[in-house]
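Start from the sequences and build out the full structure, keeping to the hints where you can.
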Amino acid sequence: MPALVAGIHAFLFLGQDVDGRDKPGHDGLGIAGAFMTYIAKPKFHHPGLKKNDLGYTHRDYEGKISTLCAGCGHDSITASIIEACYELSIEPHRVAKISGIGCSSKTPDYFLGNSHGFNSVHGRMPSVLTGANLANRDLIYLGVSGDGDSASIGFGQFAHSIRRGVNMTYIVENNGVYGLTKGQFSATADRGSKSKKGVTNTDNAIDLVAIALQLGATFVARSFSGDKTQLVPLIAAAIRHKGASFIDVISPCIAFNNHAGSTKSFDYVREHNDAVNRLDVLVGRDPIAVDYAPGTVQMVEQHDGSKIALRKIDADYDPHDRLGAQTFLAKHAAKGQIVTGLLYVDPDAEDLHEHLNTVETPLNTLEADTLCPGSTVLDKINASLR
Amino acid sequence: MKPTDIAAPDYFHKVVDCQWACPAHTPVPEYIRLIAQGRYSDAYMINWKSNVFPGILGRTCDRPCEPACRRGRVEETPVAICRLKRVAADFKDDIKQRLPRPAPKNGKRVALVGGGPASLTVARDLAPLGYHCTVFDGDPEAGGMMRTQIPKFRLPNSVIDEETGYILGLGVDFKGGQRIESMKSLLAEKYDAIFVGSGAPRGRELDIPGRKEAAGNIHIGIEWLANVSFGHTDKIGKRVIVLGGGNTAMDCCRTARRLGGEKVTVVVRSGFEEMKASPWEKEDAIHEDIPILNYMVPVAFKHVAGKLIGVTFQHVKAEFDAKGRRNLVPSGDPDQTIPCDDVLVAVGQENAFPWIEQDCGIEFDKWHMPKVDPATFASTNPKVFFGGDAAFGPKNIIWAVAHGHDAALSIHKMLSGEDITERPLPDVQVSSQKMGIHEWSYDNDISIDKRFKVPHRDKVIALKDIRTEVELGYDVKLALGEAHRCLNCDVQTVFSTSLCIECDACADICPMDCITFTDNGEESDLRHRLKAPSPHPDQDLYVSSDLKTGRVMVKDEDVCLHCGLCAERCPTGAWDMQKYFIEMTHAGSTCPTKSRSAA
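So the sequences go chain by chain: A and B.
Residues in the first sequence are numbered from 0 upward in steps of one, following numbering that gives the first Met the number 0.
Residues in the second sequence are numbered from 0 upward in steps of one, following numbering that gives the first Met the number 0.
Derived from the structure by calculation, the hints contain no laboratory data.
Note that CB positions come from ideal geometry on N, CA and C, so glycine has one too.
Each hint should be verified, as a subset may be incorrect.
Just so you have them, the derived chain A footprint on chain B, three or more residues with Cβ under 8 Å [as the list claims (entries may be wrong)]:
id	region
1	71-79
2	442-456
3	498-504
4	528-539
5	554-566
This is the structure we're talking about:
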């Protein structure tokens, strides 16, 4: 019997990096290039661009040029992540962006070009992220996933990373279809919504926000790729949150899910968007004079001292009430409304490291003799358990 | 704000900053693209049609286009538009076959006074239409100040001969050596129209003590340059002072360096920064070891026994009075006398019309300038038109050309029985540049190269011979590099409100943060709500009509690179890149107006 050999996967690679284009037109690539942009993004930026505390402009947080379809909602989420990291003056080398497989999971290539990145196996982003977080708790973890990656093949992974309280920002770029395989319904497509070809979805939808609330996520939000004024501060607040932050971002698929009958199209989401609040993230020691009408704003101080100013749209909505949030969500979903905003936050949340009582020093910087103190210590531990 | 009316030709014309700033409105990006493609003759002909003297202007233009160039707002330096024009002239093939043929005469006679750029432009526009054009000039050859006042080391005779020759070859009658001494007798010759393009021929005097006594060594700049040009003057003293800070002063000092001036000094009244000379001409002078001293006012010419020995200067400083006006007041430092053998006075030029009699029907204003309509260039005598320096005082060649085109149009309309105050709109051609899904028919890869320097001849060689051209011009490779720096501002971003789905793709991809989707408002308010600062209110905002969400698309035209990424990333084609080719309407290319068809 022949020995098992490692499988060899054939991929279509770009003949050349798109940014290094040296001639006009196509660079001789295959199927993947059907929607790709070949114009390199010019290096020039607006001469009056503002710089953050680190002296970076938002352009310094960009990655490569997107290879997604023109108009993809994911590109707006990419822009929002860039904006949020710029506004928070995050040092790019302190971020690890980890993704799975799918259109959404390609996006980490398009932002934070100077950060750590890991494009993992389909649906396995949460495990890889959890491992990385355990090894080095000092980095900021951005998990970027899609509805296929998180609600189907990686549903279990999603669930366990949330219930463990991994300190991360878990973003699902949710378009309700499998774009890379030409638009089949995904597990988040609403029952009764129609595919581009007119087929009605008969399966029930998974609401990842409802699941995240149920599983104990300590920061839960939903937003829309077409509403950056809401999305950017949500991402910033999620990054500053210690614990499992989950943001479900409805992100229309221009190619396969932006038609009448879809519940994830630009028009549908704009019509049914029921925002409970909008927020401003306040970071730093500078006193920020925020002029809000009394009674309309709720200040939430997070663990790291940053503040979230929640401008209430729905006066009765309380983002500290997990059960209330679940009920509110279910009621509105039944009416066909899409609830957006910061739905739940526990500013004093604990994360996985606290649950496990790990050392403050990241494991990857501990010396070998500290990490593995030898057989005498092991014997002691074993003895204590006898 | 109201939605932008992009159908008005001026809107997109303004976006092409260089073309808008050019008095003759030369389609700059179009000819730069042709240069990049190696189509030098085509590039030359676009220039020839618009500015008539590409080879001459490519060496001597005052370049109003370059300070306007968008590239100068994106990085430090604009595209070297002027020197690219010279590239088109240098590398073109024989273009004689492309010139208009001498036309059968239509029986109408036009007299042109002065053989400089203004008159020659009028002749270039009218001769192909059959007008019998007669150009009179006191000098034996055509060219006017281009030939007499610009030194040969900047503009060789061969270039002047070639480009004036193209015009005279259209069947224009050139009467060299025939200075018009009387407007009255010219009018008596019953020309159908007269164009006065006699320039500003008189150099301003400097009447300070010692001027008369030392007259033998004090020369008026433009007269001296003309004498040098004709070979009447071929040497000057070892120590020369040039008074004045304009381009004529720069030509004077550099010419003096070549005629034996070893220690040549330029002295200006006000500050170095405020000098009228173009920055590059100052640089060239300094490069030839000519110091420029500022804030020094000449008060006396020192002389001994009728021979000049020096000039005495008072030191001044700039002070602002209560009304914010700047005055030069004595700084208190003791006066300084700089020894010299010769002085060149280049403190300005004046118009002079001693040959226009009072009863010619031509009215003059209190500054002794003819009353000229700034649009039609007609004087108060309906048959007499003025243009160039003769119309509104000393300016540059490119202004003379622009005046010439407009005056020619007036003359043509008048002699066709049309209303000359009705000015035709420019000719605009619009074409989408989209070739395929990701193919655009222009090179939108933005070059990050810095401005390429034009090679100069070695200084030692250049200073030896007054007829050796200093600038060598770009070679093909440098020209290509410089041409790539052009941002193709004439390839316009055109927005269709009805197609937009507000997906933000354009706003996200735009490298310059030009595009904002926001609520409408007054312009001053909108400018504060844009994605990036808007420091140039003279640059227009392109505002759409209301979108589905009630917002509008606002694009600040200021630093748009015209890279086309907005159109490239637009899923619905709401953005398109469309080339706007705008050409001024000249005599003969306009559609006849109603009055003409009735005539």
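Comparing the hints with the structure gives:
no.	hint	result
1	71-79	holds (count 3)
2	442-456	holds (count 5)
3	498-504	holds (count 5)
4	528-539	holds (count 3)
5	554-566	holds (count 5)
The earlier numbered hints are all upheld by this structure, with none contradicted.
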